[in-house]
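Student: In the order they appear, the protein sequences are chains A and B. In this text, residue positions in the first sequence follow our numbering: the first is 16, and each later residue adds one. In this text, residue positions in the second sequence follow our numbering: the first is 601, and each later residue adds one.
Everything labelled a hint here was simulated from the structure, so no lab data went into it. Glycine included, every Cβ here is placed at the ideal spot set by N, Cα and C. Each hint should be verified, as a subset may be incorrect.
Stated by the list, open to error - Distance condition first, Cα-Cα at most 25 Å in a straight line; then the derived SDA-like pairs of lysine to any residue:
| hint | chain 1 | residue 1 | chain 2 | residue 2 |
| --- | --- | --- | --- | --- |
| 1 | A | K774 | A | Q728 |
| 2 | B | K686 | B | G611 |
| 3 | A | K774 | A | K687 |
| 4 | B | K799 | A | V245 |
| 5 | A | K687 | A | W631 |
| 6 | A | K593 | A | W747 |
| 7 | B | K768 | B | E711 |
| 8 | B | K799 | A | S241 |
| 9 | A | K270 | B | M650 |
| 10 | B | K768 | B | K686 |
| 11 | B | K768 | A | G277 |
| 12 | A | K774 | A | Q681 |
Said to hold, decoys possible - Between beta-carbon pairs, the in silico distance windows are:
| hint | chain 1 | residue 1 | chain 2 | residue 2 | range |
| --- | --- | --- | --- | --- | --- |
| 13 | A | Q602 | B | Q626 | 51 to 59 Å |
| 14 | B | G774 | A | M715 | 21 to 29 Å |
| 15 | A | F255 | B | K858 | 40 to 48 Å |
| 16 | B | G800 | A | S647 | 38 to 46 Å |
| 17 | B | F831 | A | G179 | 41 to 49 Å |
| 18 | B | P683 | A | A287 | 33 to 41 Å |
| 19 | A | A732 | B | G774 | 53 to 61 Å |
| 20 | B | G774 | A | S698 | 33 to 41 Å |
| 21 | B | A657 | A | E652 | 33 to 41 Å |
| 22 | A | L147 | B | S776 | 27 to 35 Å |
| 23 | A | A274 | B | H835 | 18 to 26 Å |
| 24 | A | F255 | B | K799 | 19 to 27 Å |
| 25 | B | G774 | A | V379 | 34 to 42 Å |
Said to hold, decoys possible - If you want a taste of the chain B side facing chain A, the calculated C-beta under 8 Å gives, among others:
| hint | residue |
| --- | --- |
| 26 | L642 |
| 27 | P646 |
| 28 | L647 |
| 29 | M650 |
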Amino acid sequence: MRRSQVIHEFDFLAEILPIALAGILMNVVGRQIAQFYGGPFVDMTGTAFTAFLLGPWWAAAVAAATTIVNGSFFENYFPFGIVNIAGGLVWGYIARAADLPGRVSGWNVRSIVRLAAWTVILIVAGAVTCGLASTWVKIILYPELGRPFIYGALYVRAHTALQGILGAAAPPVLPLAVVDLYRDLIDKLIVVPIAVLLVALTRIGPTFGRSSMTMTPAERLQTDVSSILVFGLTYSAFIFLAQMTRPIISIPGAKRDIAWLGNPMMVVLLYAPLVIALLAFGFMTLRASDPMARRLHVLCRQRREVARQLFEAGGRWPSFARSTATQALGTGVSIWPLRNFIDVAFGLPIALGVITVVLAGYLVLARVFYSMLQRAMENIKAVHRWLEVGSELTASADLVRLMQRLFAAYFHVPEPEVARRNALVYALAFVSRPHRGRLEEVLFGGRDDQVSERIAILGTIEEPRALSMPVLQDLASLVQDTGAGLVALTCSTPLVADHDMLEGMRFLRKGGTEVLLLDWLDLSRAAAATALADNPHTSIRHARARALRNLNTDDERLGVPALDRPKWLARRALPSLKAVIERLPKQSIVFDLGSGCGRHTMASSTAGHEVLAVDWKAPVCERLRQDLAMLSPKSGEVSVIHGDFIDLKPESYGLADLVICTGVLQHARNGKDLADRLAHLASLGSQPAAIIYIEMLFDMRFDGELPSDGRIQISLAGFEALLRETFAQDSWALWRTHGPMRQLQNFDQGGRSFEPPSKTIESTAVEYLIRRLD
Amino acid sequence: MLEFLLVPVVGLNVWADFIDRRAAFQSDAAAFSLWTTIIQFLLVMPLLGMAGRLTPAQIGLCALVGAFTALARIPWYRALSIPGQKLSRLAPFTRLSSVLVIVLAFTLLGEAFSLNKFLGALLMVAGALVISLDKSFTGLRDYLVGNKELLLVLIFAGSLAVISVFYKYMMNAGVSIITTYFFLKLFQCAASVAHGFHKGILRRGFAAIRDLQLFVQARTLQTLAAFLYLFVLRHVDLSTVEPIAAAIGPLLYLSIDKISEWRVQTSSPHAAQAALPATSSRRAYIALLGSATSALGLYFVARG
Chain A
16 MRRSQVIHEF
26 DFLAEILPIA
36 LAGILMNVVG
46 RQIAQFYGGP
56 FVDMTGTAFT
66 AFLLGPWWAA
76 AVAAATTIVN
86 GSFFENYFPF
96 GIVNIAGGLV
106 WGYIARAADL
116 PGRVSGWNVR
126 SIVRLAAWTV
136 ILIVAGAVTC
146 GLASTWVKII
156 LYPELGRPFI
166 YGALYVRAHT
176 ALQGILGAAA
186 PPVLPLAVVD
196 LYRDLIDKLI
206 VVPIAVLLVA
216 LTRIGPTFGR
226 SSMTMTPAER
236 LQTDVSSILV
246 FGLTYSAFIF
256 LAQMTRPIIS
266 IPGAKRDIAW
276 LGNPMMVVLL
286 YAPLVIALLA
296 FGFMTLRASD
306 PMARRLHVLC
316 RQRREVARQL
326 FEAGGRWPSF
336 ARSTATQALG
346 TGVSIWPLRN
356 FIDVAFGLPI
366 ALGVITVVLA
376 GYLVLARVFY
386 SMLQRAMENI
396 KAVHRWLEVG
406 SELTASADLV
416 RLMQRLFAAY
426 FHVPEPEVAR
436 RNALVYALAF
446 VSRPHRGRLE
456 EVLFGGRDDQ
466 VSERIAILGT
476 IEEPRALSMP
486 VLQDLASLVQ
496 DTGAGLVALT
506 CSTPLVADHD
516 MLEGMRFLRK
526 GGTEVLLLDW
536 LDLSRAAAAT
546 ALADNPHTSI
556 RHARARALRN
566 LNTDDERLGV
576 PALDRPKWLA
586 RRALPSLKAV
596 IERLPKQSIV
606 FDLGSGCGRH
616 TMASSTAGHE
626 VLAVDWKAPV
636 CERLRQDLAM
646 LSPKSGEVSV
656 IHGDFIDLKP
666 ESYGLADLVI
676 CTGVLQHARN
686 GKDLADRLAH
696 LASLGSQPAA
706 IIYIEMLFDM
716 RFDGELPSDG
726 RIQISLAGFE
736 ALLRETFAQD
746 SWALWRTHGP
756 MRQLQNFDQG
766 GRSFEPPSKT
776 IESTAVEYLI
786 RRLD
Chain B
601 MLEFLLVPVV
611 GLNVWADFID
621 RRAAFQSDAA
631 AFSLWTTIIQ
641 FLLVMPLLGM
651 AGRLTPAQIG
661 LCALVGAFTA
671 LARIPWYRAL
681 SIPGQKLSRL
691 APFTRLSSVL
701 VIVLAFTLLG
711 EAFSLNKFLG
721 ALLMVAGALV
731 ISLDKSFTGL
741 RDYLVGNKEL
751 LLVLIFAGSL
761 AVISVFYKYM
771 MNAGVSIITT
781 YFFLKLFQCA
791 ASVAHGFHKG
801 ILRRGFAAIR
811 DLQLFVQART
821 LQTLAAFLYL
831 FVLRHVDLST
841 VEPIAAAIGP
851 LLYLSIDKIS
861 EWRVQTSSPH
871 AAQAALPATS
881 SRRAYIALLG
891 SATSALGLYF
901 VARG
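Isolated chain B, as found in the complex (with noise of 0.2 Å):
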């Protein structure tokens, strides 16, 4: 029955997605990953007293993800913040740091690659080229201009795959789950707190997220969501977990933009058509298409 609080769980963070896209809209994406992580530690810190000790070469590790997948969040919220950006179409780029888990497990932790995952990972890269292809392009250069968000997605999706793997091998090297994602997040909030120094945003970074509000309330989702996913996890296999997470959270962006659009039409059918570009059926079919490729393709990973 557990699993099925694995619905919340990835609603929720769909929900803090949405609400980030629409917070993140005119702000600094520094400022925005620097109040990111700093409310994540405060909201970790009750579990300092659950957290066990690392070693030394464990701390550095740990240093050096923390640091990574603290600075990879400002390409995704500048991302975020291109005007008219759908989730739908970003999420599966992001669900793309499944494949490249497959990459990382196999040729840093030795774990082994079978059929499935292979052809979960093809299919995964397939959704998300077709997805791309929803611009009309002339050329491979206005192709790339036209999807430069997503590129800065896969940075993003290179910093999940490093968590993921990261968290596999303190699993691996017996440590516990909260240890590591207690010190994950006092390493990415150093790191933000470094880099906000060098930059100059600590005293004005504050001033410079669009809507406070939205902003805490997005990462209170992700961080309840990230208890849940805890809870979850320490009484189901991840080998079930995965699967189903990951099966519905690119459906759940499709259907949600898609509602959001409908309900717009509906409730304002002039106001919408001058501020939303028409959506052609044949744009529909693709986004259709490539989310349900990569659903696929993430179900077959997660089955391994």
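Excised from the complex, chain A in its bound form (with noise of 0.2 Å):
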């Protein structure tokens, strides 16, 4: 006989199996019948089956499974597992040595007397381990949490009465221990009696009863090894999953959240099953030798000729099902566990088992896909109080001034006067010796380079802000004047595409000055970060890099190869519409309502999300469909659609999560279109959580011009009363995310992201971002 084969008591496929399985269904079920109805816990129902018909350490790996369902869906319950486990044992080893599947065979008063005392044992038993199980984890937990062990009405009753008994040197971990006791106890009264009569109900108990009974009561505590090692894995599972999934636990009355599993008490108290398994190892004195491990064999095939005696003997099913499992049967193909459909005893927990499966597998899928949202939703949170912390601190401060704020605090220069060179408007900035270590460490990435002390330029362009020629050549002669070594300069065109001005800065930074461009975004992140946390650092960052970056590519670029365009065009996104787009959940829906080339459709696909282009123009649709083509195969789906958005219905096309429309709202004939087109989409995005993200400009200029199309002519109050009429305050929240912000852009070579109407547009740009509430 090979060694292997008799380490087993049970077979894994037809006994264990569907036995545990059923029994971490009956746990997970009890516990979320328990928390919609309140009471006990009944969370060990499964616990007790199991360690009743299969032994401990089966019913503590059916505990620390249960532990993880469980512990995925109640913040605090992980490190109770523990309690779970502890019952298990204790009713396994209860059961082992007494035989209890074996004593519930019969039903005549002897043994219905008996099985009653044995119940009220198991509760006892059960409710004192379990008690002080939980009593000990809130021993350990409980100091750390900064929770008092007399919380709540029940305790404060249990520590009056106990110190009307004892007098006022009652310990307060005494009612702690008493309530715990008084809760398993309650508890059990429901668990044990449930597990005892699905153990008679179900004729399980007598198959494996009555296999056992040729085994000494020694014997049965020292056999199946293999559950040990199952045991041991399933637990390291539960650790594991335990520190992946909630590290941190805050318990209702405690005043801090703590990482519990680094507690060095609850380590040690981690190990005690450990502890106790590795000597019930020793326990085990099977030998391939051993006349034991051969009867364990015999047991176990005998059990499988009483279920299938019970099979052929059972009248409770229709005859056309046991003639087909006849059939099958007799295929001659070893389908033994399919056998144990058969009969009822076996058929529950198999069905049960079965169910486990797939609700447990969707619970877990359904939590981790809730815990991904619920993540998602956080970063755009994050990203809202930013924006909006951002805008205000722009909003209330001109631009220089608050550049000189952020660099005065992270350069720590004393605040310069503010200079004026046409229209470049700047303060100069002496970064002193003792801070160039902190320079070259932020901007330089702590790269050896030989940074002397240096002047910086910090400023702005003046309105429109965007970069042109003679802003560079007034830079570079201030540049040549001062010797400064840096330039930070706000603008709306932090990526320069002119291959003259690109020339430009590279000449300035081949003679060793840097040129930083900062969009309002930077402005507004770095703005945001040093109010909230004093630290600038990433947002400083991160225009460097984008200006090297700019820099260090070949002039081919300009040209937009082929190939590049996609990603080209996503580069072009609305920065603070890219950063609610990269933090929604992938596969989300994008509508981008007047795609134009698809800039936002681009970066929405790049980023996972399903994405509705719709645009007006057909030229337009047919280049942004070629360009699709070259979009990589993990990109999102894209659709594009030639219309007004207006006419895109949701009977049709359903919601959106996120419904885009910039530079769009402008075209809007009169106030009622304009109402009716904000309606509709409010509309579009009329699903809880959804986001709108509109782009309007005011005030535009064509080759400084004022538009001759039509278009409607409202002023930003105007607009946004129009939209707080549109976007009720009870069901939207709306953020104003950028501006608003003067710009000019040129388009002498071509349109970039859209086709334009002219060579230069001017405008008043400002950005809003409305969520749904409900």
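Make one complex out of these two single chains by using the hints.
Tutor: Right under this line is the structure:
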């Protein structure tokens, strides 16, 4: 006989798996019911059921597996997994020693009395074990959590009662233990009888009991080595998943959250089941030559025979079901585990097991998905927060002053004087020697550049804030006059695409001057980071990386090679909107209304979302379709629709998670048209947590001229009033995320992300993020 | 007073080695190594919450060290499973790891090399060579064939040295000892499982261990010894701990081997005569001399 065969007492597929899965299901369902209706936890019925039938270590494995499932739903469940395991071990050893399954074989008065007596013993043993284990966990965790032992009405009542008996000296741990014992007694009064009845009523017990009656109590305690190994693996999975999913716990009444697995006493407690497992393993006396090992094998075969007889004698099943099963069994294929579906004694746990697997899988997946969603929403909330803070800060101060403040805090330079050279508004800052290291570290990522003491030019460009050749020439002369080693300018065009301007910037850089172009988002992010955490590093580094990338890219990029066009378009997405797109959960539904050449379509698709792009210009749609062919296969699906977005009905196209409408609404003909379009946007994003992102352009000038195409002329205040009217405060949260920012865009060499109607367009841009609340 | 805990630490390790020698006999060395790493990993799992984070470079290094040290156990168990091997003969060779530690620490970590260390290393090598002379041989080839098990132990000693240097490196990098210990066990387990999968012993490996009980007992003792050692290290300097632990080990092996021989001889002189080859007094002197020289060398090395 091979040794690997003799260390199993039970058949894994036919006996262990269905019972263990049924046990997990009972535990999970019990806890969910308790959560719904209140009262005792009732999450150990399955542990008891498994312990009675399969013994202590399979029960402990079921308890650990239950904790994994329940722990993903209930925040504080994981630490108390030890309690479930302890209960399983005690019940399992008592049931094995007393041969409980064998005692439920008859239904005469004597056996019922005997069964009732054992039930009482099991209730008391379970309550004491679980109560003490639970108290022990609390004694370890509560001091670190800053939670008092006496908290809540029940504990106060117990404390008062104990003080009446023991006097004022009654230690606070005592009421904790008493209440835990009381709670566990109530719980076990429900759990143990249910498990015992299940063992008796499903007729599994007698089958197990009859076969194990030929073993002595000592022998019953010494079998099934594999259960300990399986427990070891399940227990490790329990600890691993606890650390991965619930490393931090917070209990009602606690002052702080704690990393409970890092508590040394908790680690000691976690070792307790492993130590017991090792001792139990030491007890196992199985040898290859051991007659008991051979007897175990014979007993397993006997149980199969009993099950077969049950099946053949069973008259509860319709004859066609039996004949079908008989035919299946008669095919000669070894389908022994399937036989257990035939009789209700085994069919019930198997069915429950299958349900457990499906339910647990579904619940775990749902939990994972929910966590992902939660994380994404937290991310978006964080983005909102810094957009909000940054927006307030940028609105409350003029940009030069804001930059001065930022850089004064950042480079530790005193507030410098503001000067002006044509459109360039700037201040000179002197980066002094003591802070040189900090400057190097932050700006140059710890490189060994020989940075001498340097003068920094911190500034912005007057409205419309676009970097132009005259500004660059002024900057070059200023650098020459001052010997500045660093230029940080706020402008609306941080991604320089003009060849001459790039050459000008490269020339400056060759002369030893770093040029950083900060856009509104960098500034807003840095301002928010400074206000919230006194740390604008990331934002500045980001700006520098972008500047270097820009300068070091081959000029061929300016021609936009066909293969790079989707990426190039995606890079031109509005920074604030791009931040939102990247933080949405993958495969979100995005409607890009008025997509133009598709910069936001590309950004959304690249981020893995499914996009519906709509534009009313047929050539633009066609160009977008061609560009989409170059997208990476990993990108999200994109559909392009030619038409007016007002015709896009939710009944036909569904609802979106993100509705993008940038640079479109200014085309509205009149107030009613604008109101209708806003209402339509609201209807497309009418599901909870959906986001509508709008960029509106005011006071537009085309080559310096007022628009002549009959578009609406509306003020910022008028538009915002209309927004508030459409997006009611109780259902929608509304942020102004950018602007108002006056900007000048040059389209001398054609359009970039849309088809421009003139060579230069001057406008005041404002961006809004609107989120559905209910 | 905590220094006294080193006696049970070394004792538990020696005890585990003696159990391993029995359990490894007629067992598959690769399966033995595989399940050793699995059980050791299960036993360190509760420390997960106390383990910190590692940088990608540290994880990579840990994976390399874990893989090497896990696979280097196989020659050790192979040496143990050779019939008639005495631990007192093999143990001084495992302690050659200290010599390798000196070399690796000098070359990789840039640590100082003192006269004491040099003398200690020479004594340890000399001690190991003396022990290897206990068998008669006619030439170099005969000598190497007769001592092939010692070559296997040398590989294991190399892995022990790598572990020591790795711990030192991680400590210098500010990584806690528990973090290093946890991740080392994790990667040892991963490497063993990958090797087991490659060799197809994952399934039959469990059955290829002759005595599971003894095997698990040895793992328990080793883990217990490791925890005790970590506990002592938290309160006592490494420079104090190492010389004591190093000096106790070889002599303990020798004493236990002699006691067990004496017990067998006194309980059943005829059976002992049949079972054990007669040990000449020359061999006994060689073993004692070799072990004492190794212990002295270890003492010098550890004192630095």
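Student: Determine for every hint whether it applies to the structure shown.
Tutor: Status of the hints after comparison with the structure:
no.: 1; hint: A:K774 to A:Q728; in the structure: holds, 21 Å
no.: 2; hint: B:K686 to B:G611; in the structure: holds, 17 Å
no.: 3; hint: A:K774 to A:K687; in the structure: violated, 30 Å
no.: 4; hint: B:K799 to A:V245; in the structure: holds, 23 Å
no.: 5; hint: A:K687 to A:W631; in the structure: holds, 20 Å
no.: 6; hint: A:K593 to A:W747; in the structure: holds, 21 Å
no.: 7; hint: B:K768 to B:E711; in the structure: holds, 11 Å
no.: 8; hint: B:K799 to A:S241; in the structure: holds, 23 Å
no.: 9; hint: A:K270 to B:M650; in the structure: holds, 22 Å
no.: 10; hint: B:K768 to B:K686; in the structure: violated, 31 Å
no.: 11; hint: B:K768 to A:G277; in the structure: holds, 23 Å
no.: 12; hint: A:K774 to A:Q681; in the structure: holds, 18 Å
no.: 13; hint: A:Q602 to B:Q626: 51 to 59 Å; in the structure: holds, 57 Å
no.: 14; hint: B:G774 to A:M715: 21 to 29 Å; in the structure: violated, 58 Å
no.: 15; hint: A:F255 to B:K858: 40 to 48 Å; in the structure: holds, 46 Å
no.: 16; hint: B:G800 to A:S647: 38 to 46 Å; in the structure: holds, 40 Å
no.: 17; hint: B:F831 to A:G179: 41 to 49 Å; in the structure: holds, 44 Å
no.: 18; hint: B:P683 to A:A287: 33 to 41 Å; in the structure: holds, 40 Å
no.: 19; hint: A:A732 to B:G774: 53 to 61 Å; in the structure: holds, 57 Å
no.: 20; hint: B:G774 to A:S698: 33 to 41 Å; in the structure: violated, 57 Å
no.: 21; hint: B:A657 to A:E652: 33 to 41 Å; in the structure: holds, 39 Å
no.: 22; hint: A:L147 to B:S776: 27 to 35 Å; in the structure: holds, 32 Å
no.: 23; hint: A:A274 to B:H835: 18 to 26 Å; in the structure: holds, 24 Å
no.: 24; hint: A:F255 to B:K799: 19 to 27 Å; in the structure: holds, 26 Å
no.: 25; hint: B:G774 to A:V379: 34 to 42 Å; in the structure: holds, 37 Å
no.: 26; hint: L642; in the structure: holds, 5 Å
no.: 27; hint: P646; in the structure: holds, 4 Å
no.: 28; hint: L647; in the structure: holds, 6 Å
no.: 29; hint: M650; in the structure: holds, 5 Å
Hint violations for this structure: numbers 3, 10, 14, 20, all remaining hints satisfied.
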